[in-house]
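Novice: Protein chains in written order, with numbering that gives the first Met the number 0: chain V, 0 to 115; chain S, 0 to 819.
Don't read these hints as lab results, they were simulated from the structure.
Every value quoted in this text rests on a predicted model; they were computed, and no experiment measured them.
Built from N, CA and C at the ideal position, the CB exists for glycine as well.
Keep in mind that a hint or two might mislead.
As the list claims (entries may be wrong) - Not everything, but these chain S residues come out facing chain V in the computed CB check (under 8 Å): (1) Gly-99; (2) Cys-100; (3) Arg-667; (4) Asp-669; (5) Glu-672; (6) Ala-688; (7) Asn-691; (8) Glu-719; (9) Ala-720; (10) Leu-723; (11) Leu-744; (12) Ala-791; (13) His-792.
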Amino acid sequence: MTPLDLVEAAGSVLTRPDAVLSSSPVAAALLARQALEIRLREEWNAKEEPLSRTNMANQFHALCQLRNPSIAGMAYQTWVSLSGICHHHLYGRMPAFPEVRQLIESVERLVTLNWH
Amino acid sequence: MTVSEELLHRIYDRLMESAVAEDVADAVLAACDGEAALRAWGGGTPPVVPHANAPEPAGTAYSGVFLTSLTVSGFRGIGRASTLRFCPGPGLHVVTGPNGCGKSSFVEGLEVLFTGRSRRLEERPVEWKKGWRNLHQSEPCEIKAVLHREGATHATELSRRWEQAQERYGEASTFVQDYGQAKIDFAATGWDVAVRFYQPMLCAVDFEDVVGKPSELYKRFAGVLGLDEYRKVKELLGEVKKDLEATALQPEEALPSLLESLRASDHPNSARCLTALDTGKKPRDPAVVEEILASLAPADPIIDTLDALVKLDWPPLEKAETMAAELRASVKTVKDLQTSISQKALLVMRLLQNALELYEQEENQACPVCKSGQLDAQWHADAMARLEQLTCLSRDLSAAKEKLRRQAAEARSLIRPVPSCLQQKTDKVDTAQACAAWESWANAPLEDSPEGARNLADHFEEGVLNLEDAVRPVVNAAWDCLSELNAAWVSLAPQITSFCEYERAASKAASRCKLLRQAAKWFDDEIERVRSERFAPLAEEAQNTWEKLRYRSSVSLRELALGGKGTRRRVEVSLQVDGVKAGLGVLSQGEINAFALSMFLPRATRPESPFRFLVIDDPVQSMDSAKVDGLAQVLRDYARFRQVIVFTHDDRLSDALRRLGIRARIMRLDRNEGSVVTPHEVISPALTALKNARAIINDKSLGKDLQDRIIPGFYRMALEATFLDLAWGKLLKEGLTHTEIEAKLEQAKTLYGRAALAFFTDRSAGNKVRDRVTKRYGRVAADILDECNKGAHGSWNDAKNWIIDVESFIGKLQGERLFG
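I would like the entire structure built from these sequences, with the hints used as guidance.
Specialist: Structure (structure tokens):
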């Protein structure tokens, strides 16, 4: 699936019927984060840069150095927020619906932008 | 009856024990009997031993209340109707959810339902107050609570509904309806009063209020001390005492004005009154005033003389003239008749009478006098006529004389001797001339003849004229003088009479007032004693609660005591920080919350409260984890006999409850677009994650690819939560504090780091995890760890098929937590 497919799927999952509402924000966040991660891998693969095997924090650090720092910063910020939702935390809370929707919108913008 | 039978007996026993004076005890008992009885006692009526007929307190039937559900729609952050359901009985309920999910809307809704107020809104600017309706769905706007009463076979519904036109939340009313019955006013249940005393909701604003205002804290405790009946008696004693004091002061207030009036008055009585009243002695002897009043009854001689002069009476001039004229006319009549009937006529009449007697003996005979005439029938007729004529004249004369005599006698009877008042000399009126004129008039002619009668007529007429000239001015002068004196007295007399009444009442009131003061003092002391006696267990419970909540806090609550007097009453809080005395200012925000809870719980859980539920809004915020554990234990203790409902924005309380094995029902609120607020039952985070994974598995619409991408994320979350639980338990056993444990758990961010912390209490031992899992739980479990970790960043083929294995692995891990 392309990053954009995953973003679209994340949006659909978020607005699913009430029956599975409580799982929807996390499910949507998981898909949105994967969209961003695939987009990042694609970015490295396009130039054959061997960075996709390092951990995500290092990849985003490299992105800041090698690509548009503003977009890279935004991408990293969005990824950190999504990761916060995708992991269990001590005293964790369920993400609020609007919060996840905003993050999906950010990912949608990021995956369609030229990162140079 | 001011008090209940129970309190009456208690007060009676206390009076007997105190060996208080009988009169004072009477006053207290009369106050217990009611206002009429106490006022009668104040007026001197002996007290009747009060008989208690206290009505059943309002709302007794509406006690033992638990919440079954709370539904809010169109209010604050909740649009479409959203219902929270509770188990109606003792137990703990936790409602969690992120900020803005509608938690406070439920709490505020409940507050508005029970109190008609939202203190949070009241403290905000006007713009806030306007925004109490939901933006997305303002209609229907309603709050509804279904309640269960202990022992009742049916539910009771409490509702408050706003019409579209209503702009303020205070405009609607709360109604109560038992199933199948008509709606009744909220006040009919007695809850409107009870909610003030035992307020079962602890809202956000309460936390600051309790600390910021010691008087506010007192108010909250005062209600539950059950001193309301005592307060009524105290107020009544004070009220009647005040009235009696005013009565006792009335003479002092009236005296200056009365003395001034007396000094300005010429009336002879005024001087006497002045001497008696202007003594400067306080209090005056009431007997003196009584005496004055009594002595004022006989009038002064001058007043008597003037009064007699004013009352002088003589015939009016017109009457005198008429009587004189009549006398004169009668004199003339007598004289005229006397002329008509001469002496000779009388002799002729006698002669005729004799001749007729002779004729009766022998008719038709010669006249024995002239011898020539004949006494025949003709003569007889002529003689009879002549005799008749002469007899009439004679009778008229006698009548005229008799009339004259009567008129003369009447005239003489009107002429009275000189009145004594004219003979007395006064400096007010000169009576000499009048006296002379009267003396002259009194000296009337006494002759009984027609001449005498004529003189009498002249004397009478002339005398009356003289009296008019000489006595009338005296009478007028006396009248003027008397009027002047009376005018002053007429205004003074009522003043003096009132003053004497005041004096009499004041004397009685002063003695009663003294007794009433003693009664009020005794009663005040009694209230203080009862207040302290009843406050002591509350203070002790608050201190115990604080001890559980403070957990390693350096602030200790040494003492809670009642201080101040009257309207300045307060709860004095004695704190110590490391043995040094400190004020409330030393409390951190978390400690403030804990302190507010310590003050709230003993009060809200009084056995007298009709409410068996407690609703606490976000007590966890700003509390550190140790205090949250303490809070969980405190809530558990109260939940054993109360329905405790806690709203909180984070999961620390839920976690603490789970860790400590405290049974609680946990709900989470989710807020979707359009203010749609939905509650969900919450289980442990690990089970929640597994439940979510199953929801994704069951959602066929997602398709396999998406399922494979989503499910590993939920598996991983379930494992992470389990590892954190496991790690917490192990680190706690190693003697770490909550803060230290939290720091370690926060640092372990990856799945393997958390697993390492759980197995080895060392997050850096991630490389040993796979071996440990393989050895203890098998290869499948180790693969699950790997796949979850990778899959969360991509996909895990047929992830759904691993659900049983994941659940099994997690179950085993939980077993390790419980059994080591």
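Novice: Hint by hint, which ones does the structure fall short of?
Specialist: As far as the earlier hints go, not one is violated by this structure.
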